[in-house]
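Protein chains: 2
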Amino acid sequence: MAKSADIYYKVHPWKIIEKGFNKDYARVSESVFSLGNEYMGTRGYFEEGYSGDSLIGNYFNGIYEAAELEKSGYKGIIDRTEFIVNSADWLYTRIEADGEAADLNTAAFRDFERVLDLKSGILTRSYTWVLKSGKKLRLEFERFLSMKEAEIAVQRIKITPVDFSGEITLYSGIDFTQIHHMTGNCMWNVTEAASEDNAISLLGNTVSTDQSLLVSCLFQCDCEEKTDYKEEKKLVRKFLLSGEEGKTAEFTKIIRNISRKGTGYREKEEFQKKCRENSQVLKSLSYEKLREDTLSWWEETWRDSDIAIEGDELNQQGIRYCIFQMHQTYHGADKGTIIGAKGLTGEAYSGNTFWDTEAYCLPFYIFNNTEAARHLLEFRYLTLPEAMERAKALDCKGAFYPIATITGRECCSLWQHASLQLQASTAVAYGFWHYENITGDEEFIFEKGLPILIELSRMLASRGDWSADQTRYGFYGVMGPDEFQMMVNNNCYTNYLGKKTLEYTLEVLQRCAGKDPAGYQEIRKERNLTAEEIGFFRNIAEHMYIPYDEETGIFEQHEGYFNLPHVDINKIPIAEFPLYHHWTYDRIYRNDMLKQPDVLMMMLLYNRDFTEEQLKNNYEYYEPRCIHESSLSPSVHSILASQLRKEEEAYKFFGFATRMDLDNYNRNTGEGLHTTSIAAAWMNIVYGFGGMRSDGKELSFAPSLPEEWKGYSFKVHFKEDVILTSVDEAGIKISSRKGSGIQVLIYGKPYTLGQEELVIPITR
Amino acid sequence: MAKSADIYYKVHPWKIIEKGFNKDYARVSESVFSLGNEYMGTRGYFEEGYSGDSLIGNYFNGIYEAAELEKSGYKGIIDRTEFIVNSADWLYTRIEADGEAADLNTAAFRDFERVLDLKSGILTRSYTWVLKSGKKLRLEFERFLSMKEAEIAVQRIKITPVDFSGEITLYSGIDFTQIHHMTGNCMWNVTEAASEDNAISLLGNTVSTDQSLLVSCLFQCDCEEKTDYKEEKKLVRKFLLSGEEGKTAEFTKIIRNISRKGTGYREKEEFQKKCRENSQVLKSLSYEKLREDTLSWWEETWRDSDIAIEGDELNQQGIRYCIFQMHQTYHGADKGTIIGAKGLTGEAYSGNTFWDTEAYCLPFYIFNNTEAARHLLEFRYLTLPEAMERAKALDCKGAFYPIATITGRECCSLWQHASLQLQASTAVAYGFWHYENITGDEEFIFEKGLPILIELSRMLASRGDWSADQTRYGFYGVMGPDEFQMMVNNNCYTNYLGKKTLEYTLEVLQRCAGKDPAGYQEIRKERNLTAEEIGFFRNIAEHMYIPYDEETGIFEQHEGYFNLPHVDINKIPIAEFPLYHHWTYDRIYRNDMLKQPDVLMMMLLYNRDFTEEQLKNNYEYYEPRCIHESSLSPSVHSILASQLRKEEEAYKFFGFATRMDLDNYNRNTGEGLHTTSIAAAWMNIVYGFGGMRSDGKELSFAPSLPEEWKGYSFKVHFKEDVILTSVDEAGIKISSRKGSGIQVLIYGKPYTLGQEELVIPITR
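Taken in sequence, the protein lines are chains A and B.
If you count by our numbering, then the first sequence holds residues 1 to 764, one letter each, in order.
If you count by our numbering, then the second sequence holds residues 1 to 764, one letter each, in order.
These are calculated hints, taken from the structure and not from any lab test.
Some hints could be false.
Intra- or inter-copy, both count: the list cannot distinguish identical chains.
Calculated pairs, DSS-like style, for lysine-lysine (alpha carbon to alpha carbon, straight line, at most 27 Å) [as the list claims (entries may be wrong)]:
no. : residue 1 : residue 2
1   : K261      : K697
2   : K233      : K274
3   : K392      : K616
4   : K19       : K283
5   : K397      : K135
6   : K571      : K448
7   : K238      : K135
8   : K392      : K268
9   : K233      : K273
10  : K392      : K595
11  : K238      : K595
12  : K268      : K230
13  : K616      : K119
Predicted model only: the values in this text are computed from it and were never measured.
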């Protein structure tokens, strides 16, 4: 895989610790120490200013800018794209003493430490700043985002003159001058500013999309307060601290960020009213209460979400970091928000959301936060109109979900992906199906799933076609999740997921007809769904071509794949990775090499549809052909290797996901975290070693214990209850918190879970 | 085919006549009345100024500008493209009387007539201009390009006040302000200007490529001469004519245009020296002599190039127009110049040359002007280094010829074409092979063909691959000439042409070893060609996979083509053409529809490799699947239909090519002529109805006589002699001008041609 760990942070079960500051790691640490609360995200940058390499990034879910693209002249190829926009630096701070500025790039310092506490969500940083005269100042920074009031963030700074007394100047404010690094331009116009007694506000509007961000700050400081400096797009208050040797001065800034996805505050009066409201809200808050609320939120979250690993400190830290980031990124605060490929930690992938959301992230939320899972699906419901527009643009009926999006519109400018990949659409159907299978939330499916399912089936019925002899239905000119086979016919994954989508649609329709006849008639009328069309869905589902070699038991990734030239991937020199940078674009697509697995992914998603022998045949055929250029790939292999009792391989493929970003495996963590890979890390343990499967009538488990571990435990939410599982040499201990009588399969045998632990020996 | 004729010009066997001026046809006529002489081309615009829709276009072979493209971030995708650049209007004229300007868009006029005389290459235009006062002025314009001195052009204007006497002002000059329409910018900086007694000069340099154009004009006019007006990028001389009722004033401008492909004239002195030289050259020329020279050039050319058709005035005019344009576009004036897709008649396709040059144009020159044919191939020799660079960029060895080019560098920014289409490369090999087969010019092949063939074979040996079972060699991830099957494996045309290229390389190597052992050793050393590599060429040629169904006798266009969904092309509504404008980009590529024929093209190029039964099977299978979105497609079908004695179909497909531009079939002649389609028109008669085949040891003929015609005759150059063929109901009359003893096959039987006509009955 040509990936190797770059271990930099200290190992700790609950903390990410940076001791001493390595400038080469500045951007990586900014990403790693990112905070988020679904509503907003802020990178772990040095708020006091840093003249070295840095990406000061602050992002708000759904706040985007747009760019016009060169017109291709061809139909269906987009000419406008949207991207999450870097917004105001609301942590803006400058500290001066003796005419010198605190800047870790140029100043002398000692005892640097940065710590992210996963238990509390609080990020702290401290160092001793040595002035040119030799005088020392101790600086301590703390920040956190409220997990209860999404708009609220807190910053606290403590300043202690170690060995002198003298005046210290502190500037604190709001800075809208930050550029969006991808474009090199600042994407904000600042239209209004307000100064109050101990508060300031600044209003920014995005340059072309007319969205707004109103930042209000309340200052708490025992010091002389000075006039404000208003520069272009910046409002800063100057504070003079009379520093006393050995005495710590404390400065607190409570921030309220109000982002508006619709039209921003156009009227001055509206702005002023909102500022007054903000001040009142801010004044009602206290640092202590906010801290306490957030701590208790995390405490509660960890109680039912933790994964503990005994005997593997690195992965223990890694998996907790992953779980922490998953909850930070999304937790059901708002309907219709999304999970960008980098969460809210960077600009890469333009903050767009991909099919990974339903395929990799949704399982985490289904088993940790049902409301969050439902909210994710809600985004697809809210953007059904855009998906229907997109289908039209592609000469299809129904709904074609975008490969990459923020608002529901297609943002991927590479036609070969945007037009040929159907997995975003089928993943939506899979997501609804998976969600219903676990939650039993039929009402949600009837109301918000069914309209989507009908339109998805329509798309499939117009995008696909019959083979020349009219006997087989399938999809031509497609790209599966494996992007190394670019434009193929009858991709196995695409056809199979298409078939599953159609079947689920038919099944839900039938169920709805039986349980809610009026609703059924209504939706059929609303969607103009005829019996003839339903019949056509059934017909193509039945005739869907699934390429499969009966003799070898191997699914053919696509028609003709078995005849492709073979590449021995072990003979590719490490220096040629990543291949996209070293191989000619088209060369990647001319052989049997895979970027990530298609057939194996299908066999994971619908695991029970296949025998273990089939799985074995296919795993052994495809695994040696996969180079894992996608960060999602190793986890899928690890999970299936576990199922096949290939313990060594399972553990080999496991390592990447949990520490992908902490160890900067792909050497691009500086651009932002691999959020969807983080989701796969959770699956890797629960679906992998825990052997959980969620695609059948009951949840099933088939745990194994990696040789390298003493034991591990994990928890999954299930219908108002929580299943508690721990595994060690003595066997599996499994129970449920409430003892609500959950039926599960363990190694294929049925059990009912109570509050008392069942103990079952590991059977492999 | 959804194409229909739009007949506008008067029918005449030797002339293109426009009677009365239709503004809607302004741009089309500018293209149709284009003049060219390989070195330069000028559209048929109104030199006296026209405020209506117009593309004032003047192009010089090889004079180009470049544009930076958005970087794709992928290897092998170009980030810079080149395009022929619109240059100075050296015919610039303005005519004023009574304070009014002659402008056919706004002025009143009568008796407009524009005539292109194909026999002489002279374009004339005349009309009576009616002033607001009712006074009438008769204006007559004449222009031609010298076919002997490529840099020379001539303009003559006659002005006759019909019913009044009074001063007339005439402005004449050089105008570098013309924009390049594709970019909307003027691509020239003017750096030097010079005025002499009766001459002016202006020097332009291209803005970024540092090429130059020096225009010098000599004026001959019996009138009062006035000062020059120098505006930015423009130099104009004003002439006052004392108009006398009924008396014709004559104004002549002789132009010398010197284009420099390398660095332009940088030094003032160099410029001045060149201007003096120009003046001397111009002064040595006379209108009468230039006219006479050009007339005699055309007379000689027509003597051995004419195709006469009896009983079909429209196609008679059409085919002579085509032959005229072919000679205008290219005639061997210079080595290394190219034939752009639009010749020198417009900006579309950026003036780039494509594989059409070797596949469609080269046959015309092989049989009409051997030197021109050799010069075309010389371009590929001169640009072998660029093709080797391109191969490297595509991770291949050897030489990969560009899909679209001016200087030898790839200019096609669509990676799917530039990286996947191998037919530009194999067409180069085909071109050399075809040229040698007819001319027997072995020396040229050994010297300039062999280095190319070796590098082409190397490219094929690195771009292709072995099937999974290692038994078959082929090309994966390619697009054949039929661009509706975008990214396929083992395209039959590509594999077959690849095989032929390798075989020809091996054959020439062997021949060279026998006839020129020293030269053979030298080239092997120079190219570092080992016996092992030669062995590999042989091995892959032998194992090249040619997809073929033994049962039906049909070649499969590519692996898997037979299973593709079928589209009944007759059911596509006419309103949906052209498909690129009405269908989603990827939708075009998901079925068995063809844009132009692949397999049939292969069967035309190597006609004798296939039995007539094979041809019949394949024609009948593929013809109903082809929508002829390429203007080259109908001729190929017509030629093969003739061979199969499908007389009606042959005639149906024939009509488009000869009058493609005269009748504006594709509704885009305004952008420039379809030069390569014009070449196909010639093939359509000589290879089609004449049944000539040039891919065997002897030339062969199998003429037929379309029902619609009384008779026809054509001439082909063959090894210093000319074969004269005429066909009518009485049979075929065939002879050779010099009686040099040419051996031919007629209906498969051998004959030796003498000066006396052989008469053979039509056998079909």
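**Q.** Numbers of unmet hints, in rising order
**A.** Those not satisfied are hints 1, 3, 4, 5, 6, 8, 11 and 13.
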